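Q: Following the hints, complete the assembly by docking chain L onto the known chain V.
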Amino acid sequence: MYPFPKLSVIVPFYNEEDSIEPMYAAIVRAVTPLQISFEMVFVDDGSRDSTVLRGEEIARRDARVRIVKFRRNYGQTAAMAAGIQCASGEILVTMDGDLQNDPADIEQFLEKIAEGYDMVVGWRHQRQDKLISRKIPSMIANRLISRVTGVRITDNGCSLKAFRRSLIRSIPLYSEMHRFIPAMASIAGPRIAELKVRHHARQFGKSKYGLARVYKVLLDLMVIKTVTSFTARPLVWFTLLCLPLTLIGLVTLVGGLLAAIPAGGRLSLPLTGSGVIFLSAAIILMASGTLGELIYKLGDVRPDDFARLTMRLVASHESRE
Amino acid sequence: MTMSKSAVQVSVIVYVGARRTSLEALYPEYKSGLAGLGVPYELIFVLDGPQPGYEQSLARLVADGEPITVISLTRYFGEATAIMVGFEYAGGSVILTLPAYLQVEGSEISALYSTLATADVVVSYREPRATRWFESLRRAAFHGLLRFVTRLQFRDLGCNARAMRRKVLEEIHLYGDQQRFLPVLAERQGFRVAEIAVRQSKGDRHDHTYPPRNYLRGFLDIFTVFFLVRFTKRPLRFFGMIGVATFTVGILELLYLVIARIWFSSPLADRPALLLASLLIVLGVQIFALGLLGELIIFTHGGGSKDYQVDRVIHYPDAAPASVKSPSAANPVIVA
Chain V
1 MYPFPKLSVI
11 VPFYNEEDSI
21 EPMYAAIVRA
31 VTPLQISFEM
41 VFVDDGSRDS
51 TVLRGEEIAR
61 RDARVRIVKF
71 RRNYGQTAAM
81 AAGIQCASGE
91 ILVTMDGDLQ
101 NDPADIEQFL
111 EKIAEGYDMV
121 VGWRHQRQDK
131 LISRKIPSMI
141 ANRLISRVTG
151 VRITDNGCSL
161 KAFRRSLIRS
171 IPLYSEMHRF
181 IPAMASIAGP
191 RIAELKVRHH
201 ARQFGKSKYG
211 LARVYKVLLD
221 LMVIKTVTSF
231 TARPLVWFTL
241 LCLPLTLIGL
251 VTLVGGLLAA
261 IPAGGRLSLP
271 LTGSGVIFLS
281 AAIILMASGT
291 LGELIYKLGD
301 VRPDDFARLT
311 MRLVASHESR
321 E
Chain L
1 MTMSKSAVQV
11 SVIVYVGARR
21 TSLEALYPEY
31 KSGLAGLGVP
41 YELIFVLDGP
51 QPGYEQSLAR
61 LVADGEPITV
71 ISLTRYFGEA
81 TAIMVGFEYA
91 GGSVILTLPA
101 YLQVEGSEIS
111 ALYSTLATAD
121 VVVSYREPRA
131 TRWFESLRRA
141 AFHGLLRFVT
151 RLQFRDLGCN
161 ARAMRRKVLE
171 EIHLYGDQQR
181 FLPVLAERQG
191 FRVAEIAVRQ
201 SKGDRHDHTY
211 PPRNYLRGFL
221 DIFTVFFLVR
231 FTKRPLRFFG
241 MIGVATFTVG
251 ILELLYLVIA
261 RIWFSSPLAD
271 RPALLLASLL
281 IVLGVQIFAL
291 GLLGELIIFT
301 HGGGSKDYQV
311 DRVIHYPDAA
321 PASVKSPSAA
331 NPVIVA
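As you go down the protein sequences, you meet chains V and L in turn. Note that the first sequence covers residues 1 to 321 in our numbering. Note that the second sequence covers residues 1 to 336 in our numbering.
Bound-form chain V, shown alone:
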């Protein structure tokens, strides 16, 4: 029915002892009618309740379930990354373990992938969360992320996503970057589709997020911008950083020198000094840029790998089949 042999559903759990069993049942209920072979990878992110025990019970009676148990809590991004590493399917679907995502949506995700998209991202259009502490910060963050990264995604925070394995495996996932997967994946230029998904209010447990993430999101955004810009145009990013410094430095220095003419050649030390400081900073930044270029060159990230990942052979005079 679908042009790929196997589907992996990856669900991270952290202290979700009440959710794991209903989640499992819901996935099985949703995916079995699709007539596709599938597996479930449940990642236990160092839960301190009985999540693992209940997961093990499920695995004991269903060979399609794999539990990846972490030694301690490492966060959702790490859990997703581990699940992705462990999954054997060609298509990977990730979702939250708190029952807020609905496995019934998997079907339309698969259809989109079958249409030729490399990545499908969920959009919780009727989000069941608190307005002030969750929805508004998230809205601002999403606007900011799409503006800075140029990847137009309405809802970066939605965990329900589907990918081709080859794509997601090559995207470095670290720190708390799961909300930046589409942005990060933009290095490879994938065809991304967005789908409206159902979103339920939390039934069990409590939310693990807070407002304190703003600073982290902002910094991560800077990181994403840096690393993705480097694949396209190395050195440009640091050069952009030093432009304002050069400008300020030049203006101050020239101003200080000009001011010395009516004063009979007496230089104003603070003014010219500031100019020199700003200019030298610009030079050092430029030097950092070249250093960055060197690091990048010696590293193991190659832009052409990403290009090859999502390219399609449109036409060729020799037939390759």
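Worth flagging that the hints you see were computed from the coordinates, not collected in a lab. Please read these numbers as outputs of a predicted model, since none were measured by experiment. Glycine included, C-beta positions come from ideal geometry on N, C-alpha and C. Accuracy of the hints is not assured; some may be wrong.
What the hints assert, rightly or not - Partner residues aside, some chain L positions facing chain V, computed with beta carbon under 7 Å:
| # | residue |
| --- | --- |
| 1 | D120 |
| 2 | L274 |
| 3 | S278 |
| 4 | L280 |
| 5 | V282 |
| 6 | L293 |
| 7 | L296 |
| 8 | F299 |
| 9 | D307 |
| 10 | V310 |
| 11 | V313 |
| 12 | I314 |
A: Same frame as chain V, now just chain L:
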């Protein structure tokens, strides 16, 4: 060596540095303690820098048929490096580290070993402890600072008698003086760390004062561990914080100067404060850029290192996937 490598279960790595007691006093103590374990063991002495006298007395013990391996380093490399070198020769599934001087009583070795049943790393603290008030103050300050920085409470990281499972040293690569912080790093990797009380050896009760250099080094060590534990995977969180703070102070000062110039017409160009403001702004930007460079290093070179440690994967390939009632449960598509 009398015992074959494969039979060895416990490998004891003894670091022989500047502080050491004579083998005549040390070895019988350890030997009786190790004999109490009732399992085959070996001792690996790592001499950090040439120590011909000690080497000779060790050679005599080897000639007597004691299960000893002796490794001598050409110069001083530091305790952590020496232990990692010794570990290469260790065949046991359990690794003990013991100092080359009488620090704890040999009979406590079995307590260290048996606590491994419920932990991956066992560290010890000397209790009761004979010490001077100034030393205990220094120790309290050190461990308090460490606790503040890492949120982990340890009582005596200066006590070198430790036991750990083999996989701990396989995963954690120590260098320099880091062996003191092994439990911190192990905890960070998700290992279970236990701390037990051991009796202090009589030979350990002596007065020694440390030069100020040691205090500075201890402080720097804590800083290193702080960075290693919290920020190695995300340098921008660290540099960004400092950079943004410096930048903000600089910008605020500049704003104040500009406002003073416009509304109170105090001359801007002749105020040395302008120099300070520009320096702070520039410094902030540069520190931030350093963080970005760090992130770039992680991004391009961190491909092999994982952010997480998997304890185990639970999978029963023979389980039948038919226990959930679903429309096509009669002929489910079974995954190998």
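Q: A separate judgement is required for each hint: does it hold in the structure or not?
A: Right, here's what the structure says about each hint:
| no. | hint | in the structure |
| --- | --- | --- |
| 1 | D120 | violated (9 Å) |
| 2 | L274 | holds (4 Å) |
| 3 | S278 | holds (4 Å) |
| 4 | L280 | violated (10 Å) |
| 5 | V282 | holds (4 Å) |
| 6 | L293 | holds (6 Å) |
| 7 | L296 | holds (5 Å) |
| 8 | F299 | holds (4 Å) |
| 9 | D307 | holds (5 Å) |
| 10 | V310 | holds (6 Å) |
| 11 | V313 | holds (5 Å) |
| 12 | I314 | holds (4 Å) |
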